[in-house]
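**Q** Sequence:
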Amino acid sequence: MPRTQDGFIRLVLVQPFVEHIERSGADPRPALATLGLSKQMLRNPNATVHAEIIYGLCNALAEQSEIPHLGCEVGQQFDLSIWPPIAAAAKASGKVGGFLANYLMQVPQESSSVKHTLIVEADRASYGVSRLVRTENPPRQVDGFGIAMHLRLLKTAMGPTWMAQDVLVETAYPEAVPRGFMGVRLARVENPTLTISFPPEWLNTDLKLRAKAETSPPATDEPDMSIVAALRSAARPLLWKGKLTSQDLARALGLGQRRLEAALRLHRTTPAREVKRLKIEVAQEALADEELSIGDVGLRLGYSDQSHFARFFRSQTGQSPQEFRRSLDPSDDA
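The numbering used here puts the first residue of the sequence shown at 144, with every later residue one more than the last.
What the hints contain is simulated information worked out from the structure, not anything from laboratory work. All C-beta atoms in this analysis are idealised placements derived from N, C-alpha and C, irrespective of residue type, glycine included. Treat the hints with caution; some may be incorrect.
[Claimed, not checked] Distance condition first, Cα-Cα at most 30 Å in a straight line; then the derived DSS-like pairs of lysine-lysine:
{"#": "1", "residue 1": "K258", "residue 2": "K351"}
{"#": "2", "residue 1": "K351", "residue 2": "K384"}
{"#": "3", "residue 1": "K351", "residue 2": "K238"}
{"#": "4", "residue 1": "K234", "residue 2": "K258"}
{"#": "5", "residue 1": "K351", "residue 2": "K386"}
{"#": "6", "residue 1": "K419", "residue 2": "K182"}
{"#": "7", "residue 1": "K419", "residue 2": "K386"}
{"#": "8", "residue 1": "K182", "residue 2": "K384"}
{"#": "9", "residue 1": "K234", "residue 2": "K182"}
{"#": "10", "residue 1": "K298", "residue 2": "K351"}
{"#": "11", "residue 1": "K258", "residue 2": "K238"}
{"#": "12", "residue 1": "K234", "residue 2": "K419"}
{"#": "13", "residue 1": "K238", "residue 2": "K298"}
{"#": "14", "residue 1": "K234", "residue 2": "K351"}
{"#": "15", "residue 1": "K258", "residue 2": "K182"}
{"#": "16", "residue 1": "K386", "residue 2": "K298"}
[Unchecked claim] Derived Cβ-Cβ restraints for the label pairs, each shown as a range:
{"#": "17", "residue 1": "M306", "residue 2": "T260", "range": "19 to 25 Å"}
{"#": "18", "residue 1": "T304", "residue 2": "Q183", "range": "31 to 37 Å"}
{"#": "19", "residue 1": "E333", "residue 2": "R408", "range": "29 to 35 Å"}
Sequences and hints are given; from them, build the entire structure.
**A** Laid out in C-alpha cells, this is it:
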C-alpha cells in the first residue's frame with residue numbers, strides 16, 4: 144500500500160501535457176532534460192517520480208511553450224476516455240456520482256501525493272483534491288488541468304441543463320485558468336486543496352463519457368507507489384556508475400537527502416540497503432542471459448573487476464555468479 148507521505152505520481156500521467164505542446168510546435172525535450180527525464184521514460188507505465196518533479200515539469204512545459212494556461216488547455220482538449228484513471232472509472236460508472244466515487248478510488252493507484260474526496264450535503268456536493276506533500280514547485284498547471292477536466296466532465300454530463308453560475312471553484316491558483324473560464328465562479332483560497340462544488344442533484348445525471356474498450360490497459364500487477372519502488376526505479380539506470388550515494392539517489396528523485404532518508408526510515412530501510420537488493424535483482428536477471436559474460440554482468444552493476452563483482456554476489460546470495468547461472472539450467476540437476 145502506498146504511504147501518503149511518499150508523494151509519488153506515475154510519470155505516464157504527464158504524457159498529455161507533452162503531446163499537447165508537441166502539437167503546438169514546441170519541443171518538450173529541453174524541459175524534460177532539465178529534470179533528468181526523457182520521452183522514453185514517459186512511456187513506462189510503472190515509472191514513478193516525486194510530485195516535485197511532476198509539478199516542476201508541467202510548469203516548465205508551460206513556460207517553454209509560452210502557453211500560460213497549458214494545464215487548462217490539456218484538460219479541455221485531450222481525450223478523457225483514454226486517460227487511465229478516468230477510463231477505469233468511466234468503464235465502471237453510469238452516473239456522474241458513481242464516476243466521481245470510482246475515480247477517487249482509482250487515485251491511490253496513480254499517485255500517493257494527493258487525496259481526493261467527495262462530500263455530499265443537502266444543498267451542495269463538493270469534489271476536492273488535497274495535496275499531501277509540500278513542494279517547492281507549485282502545482283499551478285496541475286490545478287489548471289484539474290479544474291478544466293472536472294468542469295468539462297460536469298458540463299458534458301449535464302448537457303443543456305448545465306448552469307455555470309451554480310458551480311464554485313476554489314483554488315490557490317486561479318491564474319491557472321483564463322479569466323471568466325467557462326462562466327463559473329472562481330475564488331482564491333490559501334488552502335492548497337482544489338475544490339469544485341455544485342448542486343447535489345447533478346450526481347444523479349447520466350454519465351455520457353465512456354471508456355474506449357481498445358485502450359483499456361492490460362491486466363498487470365498493480366504498481367507499488369511507495370518511495371522504495373520509486374527509489375529502485377530511479378537507481379536502476381544508474382547502477383553502471385558504481386557506488387551510488389544517498390545524495391545521488393535523492394537528486395534522481397527530486398528530493399533532499401534528509402527527506403529521502405527520513406521517508407525510507409518509515410519503511411525500515413536505507414538507500415544503501417535498497418541499492419544492494421536492486422543490484423542482486425539486476426544481476427540475477429542478467430545472469431539468466433547466457434550471451435552475457437560474468438564480466439559483462441559486473442560492468443552493468445559498476446564493477447570493472449570481475450572478482451569484485453563475484454565477491455559481492457556471493458556475500459549476498461551464498462553462491463558465485465557461475466553457481467547461480469548453473470542453478471538456472473534444469474539439465475544440470477541430472
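**Q** So, for every hint listed, does it hold in this structure?
**A** Results of checking the hints against the structure:
Proximity of K258 to K351 is assessed by CA-CA distance (about 25 Å); at most 30 Å being required, the pair is judged to hold. Between K351 and K384, the direct Cα distance comes to roughly 51 Å. Violation of the 30 Å bound is thereby established for this hinted pair. Proximity of K351 to K238 is assessed by CA-CA distance (about 8 Å); at most 30 Å being required, the pair is judged to hold. Note on K234 and K258: the hinted pairing holds, with a Cα-Cα distance of about 22 Å set against a maximum of 30 Å.
Of the pairs offered as hints, the one joining K351 and K386 is violated, with about 54 Å between alpha carbons and a cut-off of 30 Å exceeded. Among the hinted pairs, K419 with K182 is consistent with the structure: their alpha-carbon atoms are about 28 Å apart, no more than 30 Å. Pair hint K419 plus K386 holds up; C-alpha atoms about 10 Å apart against a cutoff of 30 Å. At most 30 Å may separate the alpha-carbon atoms for a hinted pair to count; K182 and K384 meet this at roughly 22 Å.
In summary, the hint linking K234 to K182 is supported, as the alpha carbons are separated by about 28 Å, within the 30 Å threshold. Simply put, K298 and K351 have alpha-carbon atoms about 10 Å apart, close enough for the 30 Å limit, and the pair holds. At roughly 22 Å between alpha-carbon atoms, K258 and K238 fall within 30 Å of each other, so this suggested pair holds. About 41 Å separates the Cα atoms of K234 and K419, which puts this hinted pair outside 30 Å; it is violated.
At most 30 Å may separate the alpha-carbon atoms for a hinted pair to count; K238 and K298 meet this at roughly 13 Å. Straight-line distance between C-alpha atoms of K234 and K351 comes to about 11 Å, which keeps the hinted pair within the 30 Å bound. Between the alpha carbons of K258 and K182 the distance comes to roughly 28 Å, so the proposed pair stays at or under 30 Å and holds. The straight-line distance between the Cα atoms of K386 and K298 is roughly 54 Å, outside the 30 Å bound, and the hint therefore fails.
The hinted range of 19 to 25 Å is satisfied by M306 and T260, whose Cβ atoms lie roughly 23 Å apart. The given range of 31 to 37 Å is broken by T304 and Q183, whose C-beta atoms sit roughly 45 Å from each other. Hint check: E333 to R408, Cβ distance near 31 Å, so the stated range 29 to 35 Å holds.
Of the hints listed earlier, those the structure fails to meet are numbers 2, 5, 12, 16, 18, in rising order.
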